[in-house]
Amino acid sequence: MRNNVLIIGGGPAGLEASANLQRLGYNVLLVEHSNTLGGHLGKWDRLFPSGTPASGALDKLLGSMDGVKCFTDTEIQSINRLGKSYNVILSNGITVLADAVLVVTGFDLFQAEKKEEYGYGIYDHVITNADLEQYFKTGLDARINAPRKIGFVHCVGSRDEKSGCRSCSKVCCATAVKQACEMKAAFPDAQIYCFYMDLRMFGRHYEDMYLEAQRDYGIRFIRGRVAEVSENIDGSLSVKAEDTVSSKPLKVSLDLLVLMAGMRPSVSGQRIGSLLGMQNEKDGYFEVLSEITSQQRSPIPGIFLAGAATGPKTLPDTLADARGAATQIDKYLSDIFPKAKDLKQLIKTAW
Amino acid sequence: MMPANIFPILAAQASPEVIDRIPSSYSHFVIPFVAGITFFLVWIFVGLIRVLTQLNHDDRMQFWTSLLNPITAGKNIRDLFCDCLFHTKIWQRKPLLGYMHSAIAFGWFMLIVLGHIEVALFVPKHLSYGEGGLFYPIFYRYFVWIRPGHETLRGAFFFFLMDFFLLYVLTGIGLAMFKRFRSIVLGMRHTTKPSLADRVALYSLWMIFPLRLLAESFTADLSGGSFLTLGMNHLLHFLFGDKLYFQPFWWAYSICLGTFFAAMPFSRYMHILTEVLWILFRNAGLKPSHPRKGVAEAEIYACSSCGLCLDACPMNVQKKNLKYSSVYFIRFLRRHNERKIAEIADKCLMCDKCHALCPVSVDAPALRRAQRQTTNDHLPYDYSYLDTAPVKLHEAAIPRHPELDSGSDSSKVLYFAGCMSHLTPRIIKAVEELFKKAGTEYVFADREGGICCGRPLLLAGKKEAAAKTMDANKSMIKASGCKTLVLSCPICYKVFKEEYNLAGIRVVHYTQYFKELIDAGKLNVGKSGEKIVYHDPCELGRGCNVYEEPRTVLRQVGDLVKAGHEYDESICCGGSLGSLTLSQNDRRKITDAAIKDLTIAFPETIVTACPLCLKTFSERSTVPVKDFAEVLTNHCG
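Taken in sequence, the protein lines are chains S and A. One gets our numbering by counting positions in the first sequence from 1 and adding 266 to each. One gets our numbering by counting positions in the second sequence from 1 and adding 460 to each.
Incorrect hints may have been included.
To be verified - Below, simulated DSSO-like cross-link-like pairs (lysine-lysine); rule was C-alpha separation at most 27 Å, straight line:
(1) A:K934 x S:K506
(2) A:K987 x A:K889
(3) A:K783 x S:K428
(4) A:K800 x A:K653
(5) A:K934 x S:K514
(6) S:K506 x A:K889
(7) S:K380 x A:K889
(8) S:K517 x A:K889
(9) S:K428 x A:K889
(10) A:K928 x S:K506
(11) A:K1056 x S:K380
(12) A:K923 x S:K514
(13) S:K428 x A:K780
(14) A:K957 x A:K747
(15) S:K548 x A:K1056
(16) S:K548 x A:K780
(17) A:K1049 x S:K548
(18) A:K923 x A:K753
(19) A:K889 x S:K415
(20) S:K380 x S:K415
(21) A:K1049 x S:K428
(22) A:K991 x S:K380
(23) A:K1056 x S:K428
(24) A:K779 x S:K428
(25) S:K548 x A:K779
(26) A:K943 x A:K957
(27) A:K1049 x S:K380
(28) A:K934 x S:K517
(29) S:K517 x A:K928
(30) S:K514 x A:K928
(31) S:K548 x A:K783
To be verified - Sample of chain S residues lacking proximity to chain A, with all beta carbon distances greater than 10 Å (derived):
(32) R289
(33) L307
(34) K309
(35) G322
(36) G349
(37) T361
(38) Q400
(39) D407
(40) A412
No lab work stands behind these hints, which were simulated from the structure alone. Treat the numbers as computed from the prediction; the structure is a model and nothing was measured. Note that the Cβ used here is the ideal one computed from N, Cα and C, for glycine as well.
Whole structure, please, built from the sequences with the hints as guidance.
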């Protein structure tokens, strides 16, 4: 008998973990509450640092899912411990007895309208990073109308106590630099500004991308937060910021403002967390057993975590985390259900 | 009441003319009482002189002249009765608690007054220095006995009144004892932790009246009494036979009184007399300029530590923050605990609710501002931006409505959005739209950015910095030539109205201005069935007493439902600029509590009239939060 593993969440972490667990010989069941697999990756156009097409990466993840049972448009209705396992009832009426559960519920983008001073949803030419990716994918957005001056605001809803998030979202700096270059490529006459607090170019090739943005694309980086945005009568935006390098207030008129909305713990993930009785840490993400040595284990036996459910991560980090979770689950199941990997059975199939 | 004989030799000359009463002479048991009250009287006399000398010259003149002003004098008398004796402000909110306080205060007051009347009527000689000596019957029922066969109806009437008020006080004391253990029954979720002196005074106060009942009951057959003391007396005779040893009870009664008076200056009960001075100061319009001296001293000793501000304080959604309440701030001011004083002063949100709900209107936020001023006012500031800030006036190009043209010429309106409205652009958008719809000719004072109105600086105790920004704004407003100043931020509104002295310029909040436009028929609003709840911003409601204008308008556009706490009991949104150190986490807890309180009647929309409240609520609420002007634009034809 093969052990059942339930994966909650069909984003990149869920896909990567299920493919690995399936390959390890478990019976994997993936539940996704929306109607498509791929999570935020499916909505993105290209990926930093080298502009890899997101669709290619997603196709690769989906391509190794043979044998995994996927339920989209499905919610977890209840989940209860039953002996060593978990009895899970799904909204489509199916009941599963899962020996291990992997929670990969990911993140939600910060709702940029909550930073009202930036005017998202109020002014005509303010968009978010996600809107811009959608525009790159489809070429359609009424708010983007041959802009000649474009601004990117870093850290919208991140590193901002007032908006309820002290931590860094990790991906926005690199995304902003990537998107700024892409916009320059799309509108070669445009002047592009990035308003940042710090540029956190921590990953491999990120510094190269930042250098190219300045050298090859002429992006102007201004260290200072945007204070407020107002709309002029002609529809252009008047942006007030502080240039902390020269210690002077600054005012520019822009045709398009892109807000780099950060990461927040996903609302649907919080629901799963409360069903399981899992604790959140102060930042709202799930608590892990040990942040150094057991990052993929929750304090509840048999419940594993991966990806952005335990804090903001880049895509490669998320995938690595998912693979880590797969090996952790494998170890756990072999320890707790030793008969599951019956040696005779294994020899019979392997030889 | 019985005579306290201070000088036994003089008192020995008991007057022979008294025929219906037998006054007797000195007894040792009065010593504890005389010692306690002498100490107390000296203490308050010295304190009074100190407070008066600490006032600056202008304040002192203002105080003396206020006493001569008949209007203030009338107000003083009314306030002294209502606030000190009847506690009407507590009655209005919590009747049982009001009964408790007024029973003890008014009851005791009446016992003292009636006691003096009894002395004046029945042993008049003792009031005269020449004949009776320096001898005054405080313990009347010990020292003045009825001559057998001389009971009068008039005497019985006073005996009845004395017993009645004693019973009245005893019911109050009973409630007070009960409140120590179950305060929630009297409407208080939290109650103050008494200090050591408070406890000494508290327990002696509890004991005074039961002991008085016992003492007077023991002598009621000799000194006279009514339903209570005589009844008790019969019971005591029944229990203990013919001979009653009353001395121990009079001793105990005197000791309790003496202890109470001796502990009073160090306890919260100092408020009983200090609040008289504070009410006179308050009505004279004096404001504390120092957190500890002069007016402030009267104010902090007027605090009765009743703890009504504990439940009022929005910070107390978390029990750990109880220590930042005004009552403890004042206690630490009394004790000169500088570290805690500074910490608590900075924590406060300055929502003013403790001031609004205080039975004697102790203005703790003003004390906190004065405290902040001691550290913040002299910090160095860079004022260069005041000169460089481009204060340009932008006249909006408005197509004129021919039909409204006749009315719109006379008044040009100056609109000052302020920093906070600039962070909530939907307010500015809605206000401009409404101006255009009503055909108001307006000048947008700070479209290109302005400078701070000064209120946040004042709240932080930066008086000098505030004065500089206020001067800069003042010249900008004067230069505009406008006669009406409209503000969309209550924080600006309060300071423009109260501190700027803009003679000849009418300062209005946009809720008031749009109500006028609607009343004049310039704005037409339609009613929908939308369930609306209105949140009173602190600075607009408690700060400027604007409660009805926004409600009147909102009733015309939707179905206005009630919040849990409204008007002056409204809960701060948690975003207040007033606090210098409260953490975001604590603020969020307050915001969530305020939203929960606003949505008890399941409204579809929360409406507020302050950009800061709007922003704070929008970030946390699941119910849509809208600005007052935004709601009007949605309902304007």
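These are the hints, each one checked on the structure:
1. A:K934 x S:K506: holds, 24 Å
2. A:K987 x A:K889: holds, 22 Å
3. A:K783 x S:K428: The hint holds at about 24 Å.
4. A:K800 x A:K653: holds, 16 Å
5. A:K934 x S:K514: Roughly 25 Å between the alpha carbons, so the hint for A:K934 and S:K514 holds.
6. S:K506 x A:K889: holds, 18 Å
7. S:K380 x A:K889: holds, 17 Å
8. S:K517 x A:K889: The hint holds at about 20 Å.
9. S:K428 x A:K889: Status holds; Cα separation ~24 Å.
10. A:K928 x S:K506: holds, 23 Å
11. A:K1056 x S:K380: Holds: A:K1056 and S:K380 sit about 19 Å apart, inside 27 Å.
12. A:K923 x S:K514: holds, 25 Å
13. S:K428 x A:K780: holds, 22 Å
14. A:K957 x A:K747: holds, 18 Å
15. S:K548 x A:K1056: holds, 22 Å
16. S:K548 x A:K780: Given pair S:K548, A:K780 holds - Cα atoms ~18 Å apart, limit 27 Å.
17. A:K1049 x S:K548: Since the Cα atoms of A:K1049 and S:K548 sit roughly 13 Å apart, the hinted pair holds (cutoff 27 Å).
18. A:K923 x A:K753: holds, 18 Å
19. A:K889 x S:K415: It holds: about 24 Å lies between the C-alpha atoms, which stays within 27 Å.
20. S:K380 x S:K415: The given pair, whose Cα atoms are some 24 Å apart, holds under the 27 Å limit.
21. A:K1049 x S:K428: Distance of about 13 Å is within 27 Å: holds.
22. A:K991 x S:K380: holds, 23 Å
23. A:K1056 x S:K428: Holds: A:K1056 and S:K428 sit about 20 Å apart, inside 27 Å.
24. A:K779 x S:K428: The given pair, whose Cα atoms are some 23 Å apart, holds under the 27 Å limit.
25. S:K548 x A:K779: Holds, at roughly 19 Å.
26. A:K943 x A:K957: Between A:K943 and A:K957 the Cα gap is close to 14 Å, so the pair holds against 27 Å.
27. A:K1049 x S:K380: Distance ~18 Å between A:K1049 and S:K380 Cα, so the pair holds.
28. A:K934 x S:K517: holds, 25 Å
29. S:K517 x A:K928: With a Cα-Cα distance of about 24 Å, the restraint between S:K517 and A:K928 holds, given a limit of 27 Å.
30. S:K514 x A:K928: Within the cut-off at roughly 21 Å; holds.
31. S:K548 x A:K783: Roughly 24 Å between the alpha carbons, so the hint for S:K548 and A:K783 holds.
32. R289: S:R289 is indeed farther than 10 Å from all Cβ atoms of chain A, at 43 Å.
33. L307: Nearest chain A Cβ is 28 Å from S:L307, so the label holds.
34. K309: holds, 25 Å
35. G322: Check passes; 38 Å lies beyond 10 Å.
36. G349: holds, 38 Å
37. T361: At roughly 32 Å from the nearest Cβ of chain A, S:T361 sits farther out than 10 Å, so the non-interface label holds.
38. Q400: Correct as stated: the minimum Cβ-Cβ distance to chain A is 24 Å, above 10 Å.
39. D407: holds, 21 Å
40. A412: holds, 24 Å
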